[in-house]
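Go ahead and model the full structure; you've got the sequences and the hints to work with.
Going down the list, the protein sequences come from chains A and B.
Here my numbering is used: the first residue of the first sequence is 54, the next is one more, and so on.
Here my numbering is used: the first residue of the second sequence is 54, the next is one more, and so on.
Hint data in this document are derived by calculation from the structure and do not stem from the laboratory.
Incorrect hints may have been included.
What the hints assert, rightly or not - Cβ-Cβ distance ranges computed for the label pairs, FRET-style:
#, chain 1, residue 1, chain 2, residue 2, range
1, A, Thr113, B, Ser55, 39 to 45 angstroms
2, A, Gly116, B, Asp85, 22 to 28 angstroms
3, A, Thr96, B, Glu102, 48 to 54 angstroms
4, B, Asp85, A, Glu75, 27 to 33 angstroms
Said to hold, decoys possible - Residues of chain B placed beyond 12 angstroms of chain A at every Cβ, according to the derived structure:
#, residue
5, Met54
6, Ser57
7, Tyr59
8, Asp89
9, Thr92
10, Asp100
11, Glu102
12, Leu103
13, Glu106
14, Glu114
15, Leu119
16, Ala120
What the hints assert, rightly or not - Some chain B residues well away from chain A (every beta-carbon gap over 10 angstroms; in silico):
#, residue
17, Thr62
18, Thr74
19, Glu75
20, Glu76
21, Gln84
22, Asp85
23, Val86
24, Thr98
25, Arg101
26, Thr104
27, His105
28, Glu107
29, Ser110
30, Thr113
31, Gln118
32, Ser121
Since we're looking at a predicted model, the values are computed, not measured.
No residue lacks a Cβ here, since even glycine has one placed at the ideal position from N, Cα and C.
Number of protein chains: 2
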Amino acid sequence: MSESTYIVTGMTCGHCVSSVTEEIGEINGVQDVQVDLSTGNVTVTSDRELTHEEIRSAVTEAGYQLAS
Amino acid sequence: MSESTYIVTGMTCGHCVSSVTEEIGEINGVQDVQVDLSTGNVTVTSDRELTHEEIRSAVTEAGYQLAS
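So, in structure tokens, the structure goes:
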């Protein structure tokens, strides 16, 4: 089990949170996604190591930006 | 044909605009809904006079507030 936290910018409301949660949740191996809208912190739990690029791609697909 | 502009508060992103547009668009007689996210102005075109209460109800249903 692996847990990593990322910072996503541009989310402004619950719909944004839903979009990001949904896109990241579709990555193979992801078991849980927790988003804190006020900080932009997105914590992803998965059963394998995810690459930064996989996360970045999902966040971009949802219409937001990975901060780093 | 009737056109009225309302101010809706609480919209922060395109998803919010979609929600408000969709709910107001479901009111009987509504033909067009234009939302300006930056000002909160919502312009509704309809083939009959709409009551303030009809608009308020749709905006509330979408999860936002009618300013006046």
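Going down the list of hints, with the structure as the test:
| no. | hint | verdict |
| --- | --- | --- |
| 1 | Thr113(A) / Ser55(B): 39 to 45 angstroms | holds (42 angstroms) |
| 2 | Gly116(A) / Asp85(B): 22 to 28 angstroms | holds (25 angstroms) |
| 3 | Thr96(A) / Glu102(B): 48 to 54 angstroms | holds (50 angstroms) |
| 4 | Asp85(B) / Glu75(A): 27 to 33 angstroms | holds (30 angstroms) |
| 5 | Met54 | holds (32 angstroms) |
| 6 | Ser57 | holds (26 angstroms) |
| 7 | Tyr59 | holds (20 angstroms) |
| 8 | Asp89 | holds (16 angstroms) |
| 9 | Thr92 | holds (16 angstroms) |
| 10 | Asp100 | holds (30 angstroms) |
| 11 | Glu102 | holds (31 angstroms) |
| 12 | Leu103 | holds (26 angstroms) |
| 13 | Glu106 | holds (25 angstroms) |
| 14 | Glu114 | holds (15 angstroms) |
| 15 | Leu119 | holds (18 angstroms) |
| 16 | Ala120 | holds (18 angstroms) |
| 17 | Thr62 | holds (13 angstroms) |
| 18 | Thr74 | holds (13 angstroms) |
| 19 | Glu75 | holds (12 angstroms) |
| 20 | Glu76 | holds (14 angstroms) |
| 21 | Gln84 | holds (25 angstroms) |
| 22 | Asp85 | holds (23 angstroms) |
| 23 | Val86 | holds (18 angstroms) |
| 24 | Thr98 | holds (25 angstroms) |
| 25 | Arg101 | holds (31 angstroms) |
| 26 | Thr104 | holds (28 angstroms) |
| 27 | His105 | holds (25 angstroms) |
| 28 | Glu107 | holds (24 angstroms) |
| 29 | Ser110 | holds (20 angstroms) |
| 30 | Thr113 | holds (16 angstroms) |
| 31 | Gln118 | holds (14 angstroms) |
| 32 | Ser121 | holds (22 angstroms) |
The structure fails none of the hints (numbered hints given earlier).
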